[in-house]
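A.B. asks: Sequence order for the protein chains is A and B.
The first sequence lines up with residues 1 to 214 when you count with the numbering used here.
The second sequence lines up with residues 215 to 339 when you count with the numbering used here.
Take these hints with a grain of salt, some might be off.
To be verified - To spell it out: a stretch of chain A is covered by chain B in this simulated footprint if at least three of its residues, at any positions, have a beta carbon under 8 Å from a beta carbon of chain B; those stretches are:
#: 1; stretch: 13-19
#: 2; stretch: 29-41
#: 3; stretch: 172-185
Hints were generated in silico from the structure; no laboratory data involved.
Remember, predicted model here, so these are calculated numbers, not experimental data.
Glycine included, C-beta positions come from ideal geometry on N, C-alpha and C.
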Amino acid sequence: MNASTPIHLSELELDALTELVNLGISQAAGDLAMMVRQEVVLSVPRVALVGRDEAIHVLGGAERKDLVAVHQVFEGDIIGRALLIFPEAKSLELVRAVVGGDLSFEDIIELEQEALSETGNVILNGCLGTIANELERSLKISLPEVLHGQSADLFELDPPPESGDTVMLIYIHFAVRERDIDGHIAMLLDMPSLAVLKDLLTAYIRRVAGDVQT
Amino acid sequence: MSLTILIVDDSKLARMSVVKSLKALHPDWTRLEAGNAEEALRLTQNSNPDIALLDFNMPGLDGLDLAAELRDSHPRMMIALISANRQQDVVARAEAMQASFLAKPLTEAALAVFLTKAVDAREKD
Numbered sequence: 001m002n003a004s005t006p007i008h009l010s011e012l013e014l015d016a017l018t019e020l021v022n023l024g025i026s027q028a029a030g031d032l033a034m035m036v037r038q039e040v041v042l043s044v045p046r047v048a049l050v051g052r053d054e055a056i057h058v059l060g061g062a063e064r065k066d067l068v069a070v071h072q073v074f075e076g077d078i079i080g081r082a083l084l085i086f087p088e089a090k091s092l093e094l095v096r097a098v099v100g101g102d103l104s105f106e107d108i109i110e111l112e113q114e115a116l117s118e119t120g121n122v123i124l125n126g127c128l129g130t131i132a133n134e135l136e137r138s139l140k141i142s143l144p145e146v147l148h149g150q151s152a153d154l155f156e157l158d159p160p161p162e163s164g165d166t167v168m169l170i171y172i173h174f175a176v177r178e179r180d181i182d183g184h185i186a187m188l189l190d191m192p193s194l195a196v197l198k199d200l201l202t203a204y205i206r207r208v209a210g211d212v213q214t
Numbered sequence: 215m216s217l218t219i220l221i222v223d224d225s226k227l228a229r230m231s232v233v234k235s236l237k238a239l240h241p242d243w244t245r246l247e248a249g250n251a252e253e254a255l256r257l258t259q260n261s262n263p264d265i266a267l268l269d270f271n272m273p274g275l276d277g278l279d280l281a282a283e284l285r286d287s288h289p290r291m292m293i294a295l296i297s298a299n300r301q302q303d304v305v306a307r308a309e310a311m312q313a314s315f316l317a318k319p320l321t322e323a324a325l326a327v328f329l330t331k332a333v334d335a336r337e338k339d
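Can you make the complete structure from the sequences, with help from the hints?
C.D. replies: The following block contains the structure:
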């Protein structure tokens, strides 16, 4: 395939991908709820495939917000990186929501890194693991790493793997202990991986819905 | 017994998957499909499905909210909430509304068990 030919997912393929992400996020919500012993509301209204520039714009906004991200690399039939991204201003809020209790500011700061990477690990692994299982493939997922920066920085991470130009952008809403936090999951895939993903989705659709036009 | 079943899921693929199982299990049943809760409520104004399968995580009203509305307007409807979210809180809220909880991804075997229970309950009415 010509590297400049963009790969499009059909409506049903995108539906299937959204459904897989939903499955993964729902399972992650259950895991998080056990971890924090509270109900966790984690919803996924939208999944979109966008170019890298658009993703940078959506995440950073016009004001070039400071962001915090939990980053994991995955390798298998599909290669790429996954990022759970929140505005930096919400980072401590997220830590408070997950850790709970009346912690001092110093304690919160100390726990920030650990709580972020643990939360990110549960959400990203839940998502990637479920997608891989349902697509009947296995993925090797790296340890979580917490990054701080503006959105353009988060999309300029050193290879390997080649991060590619297509971003699967997932808006998520996270609520626990009366705190509401909006964030995104971004999955960066290279072109061959996107082509593989499309084939795997086609096979998945055939498995769950029978022979249909995609 | 030929029944009418309502399938509500914002994912078209998820609905297709349920329809595939239903065609195998109960090909003679009447199937109604809705892509969100509002559409489901409109559909049930003029029809009276025996069974409803509701996805939990939907934009707008979620499956539990929809179950509450359907429980009010159609007290005898057999309702199942389908979700990958197995938090006790969600399961408990479903049970409080006499709705069954079915785990996603929904298998044909799990669906068959629920439908058998639903048919038995309907026959006892």
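A.B. asks: Next step is simple, just say for each hint if it's right about the structure.
C.D. replies: Status of each hint after checking the structure:
no. : hint    : result
1   : 13-19   : holds (count 4)
2   : 29-41   : holds (count 5)
3   : 172-185 : violated (count 0)
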